[in-house]
Amino acid sequence: MRKITMRAALLEALNEEMERDETTVLFGEDVGKFGGINAVTKGLYEKFGSTRVFDTPIAEPTIVAAAVGMAITGNARPIPELQFGDFVGIAFDEVFNKMGKWRFMHGGQMEMPVTLRLPIGIAGGAGPEHSQSPQALFMHGPGLQIVIPSTPYDAKGLLKTAIRDNNAVLFFEHKVLYDMKGEVPEEEYLIPFGKADIKRSGTDVTIIATALQVHTALAAADELAVQGVEVEVIDPRTLAPLDMETILESVRKTGRALIVHEEPKTGGSGAEIAAQIQEGALFDLSAPIRRIGSPDVPIAQSIYLEQFYTPSKDQITKAVNELMEY
Amino acid sequence: MAETYVKEVETKSYTKEVLVDFYKTMAKIRKFDENLIKLMAEGKVSGFYHSGIGSEGLSAGSIRQNLRDEDYIYYNHRGCNQKIAKGVPLSKIYGDFLGTIEGTTRGLGAGIVHSADPSRGVLGQAGTIGSQLGLSVGTAYTSKLTGSDQVTVVYFGDGAASREMLHGSLNWAGLYKLPIIYICENNEYAISCHVSETHSVKENIADWADGYGIPNCVVDGNDVLLMHEVVKEAVERAKRGEGPTFIEAQTFRHRGHFEGDPYDYVDVEILQNWKDTKDPITNFAAKLMLDKVVTEEDLEKINKEIDVEIAEAIQKAEAAPLPNPERIYEGLFA
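Taken in sequence, the protein lines are chains A and B. Each residue of the first sequence is one higher than the one before, starting from 11 at the first, in this note's numbering. Each residue of the second sequence is one higher than the one before, starting from 5 at the first, in this note's numbering.
Be aware that a few hints might be false.
Claimed, not checked - Cross-link-like lysine-lysine pairs, in silico, DSSO-like; alpha carbons within 27 Å at most:
1. A/K111 / B/K148
2. A/K57 / B/K148
3. A/K52 / B/K291
Don't read these hints as lab results, they were simulated from the structure. This one's a predicted model, so the numbers in the text were calculated from it and none came from an experiment.
For reference, chain A alone in the conformation it holds in the complex:
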């Protein structure tokens, strides 16, 4: 099968869905002629024209608010982008209260087919406000679906599902993954929300990881296999809805769970997953549930210090070995 980058896979999804549905409209800062600072939207402006693909002023609250205002007419399917996921803080009310709650607050009379794309993650000295992974904040916000792919295949299938969905989607893209290649078939496919993917099967320890950390976990699993420890790596792919069934089934089998993400550890998505594991499988556990996240301090600007925020392969193998001692 052909291998393409996640950037190319995302662009294919956008191209195909914009061709398929002429009510789609894509906008954000520099996403038009320039093709986006991550080059994910290259060529869309030329292909679909300046009404359906447009550059906006630097105005994150208005970008998200406008998407909501378009969607609720029933005549548009907006795909806005925030240049950095960190900027969601500027548009917090529009995301948390308007995108997530407008339909419910108004009695379910309108639909919210908005796919908001948010590039996230530590990616080379970008500092504390251009490197964060804020997705867990929105697990606390009803009405928002949270997608976080780790491979080009997942990215394409999930983005196509997101755009077709009639509810709000926050689509988090880890910037380091844009250049990562993976198998993507030529023919069309969709990936449903709420369906975790077992990236590697194993019997001793379950690792639940998202985005870039799926790859770190897989690398650790390779190393651990040499020592004779078989790790199962599960990528939830969507944090809302969250496929606890697949996670619990795995934990019941292995009796050991490790959650790895780049979000700060405290209050990260791992906290919710850990809580739900103990609610559903406490007596199947042989060891305490472990979490690895980034330290609970702002991300340093220094490219030297930055590496100490990203969970490493060594941290994972160490944690797995400790779990195996129980």
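Model the placement of chain B on the given structure of chain A, informed by the hints.
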């Protein structure tokens, strides 16, 4: 600087039917409001209520005869005035306040905010004042996308005009030449703060629109016909593809910001003067009678009909049941 909109408007330029419709709409809004306050006093409605008494001309004049069902509005925090003018059934609005399933939210409760009637272009309202300024540019952009001639009218108070969102909204509206009409209902007070204490303007709030190259004016919001004329021109401009208009409509609220507000921050004489000399309904009724469009008996008859309509609406809203507790788990997702 924003100019004051002036136009010689005579009743003879309108049909009797249209003039009566303006009067009826204003009277209906006021009686709706008075009866809602009564329901609050009876303990049947709780929460915030921001009375729109004193500003009925602004909403009736801007909406009636200017907007179609397919034109969109975002109402403001005295927005029952606009919802009624746009034709949302009274029983539905009362139902939202009473929390019965007759309401537009089918029992979730709403009223000052969160009532919606998409079939009449009423797309709802945010609890965070002024957020509609952001949504409205998206809605107006949709007309551009689909090539329709639908216009979007966004209402907001002088207080909401302070929101940062106004800048984003005006910038987009001017930039993309969106078919949107901004109606700033300036009643001078954001709860207790006078506009002069919270706004840095040359003279009027409408002056802000100048910086964005958006045509703007100040108008007497209590003159229903003047409101009708100024908005009519703005709607026509929007339909011609000439973009947004900013209208600052000056008015005054007869009651406090919320029911229970002591309203002691306003000079008693100033308030009395607005009530005595600038009441939009009293003045319009006098004009209609002076110009012999209607008689006092005609108006009495209209008012009696409205009383019946309102009593029936309240009865319908009150008779509907409260929702089942499971209602809160319905409708989060499509």
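Taking the hints in turn, this is what the structure says about them:
1. A/K111 / B/K148: holds, 26 Å
2. A/K57 / B/K148: holds, 18 Å
3. A/K52 / B/K291: violated, 62 Å
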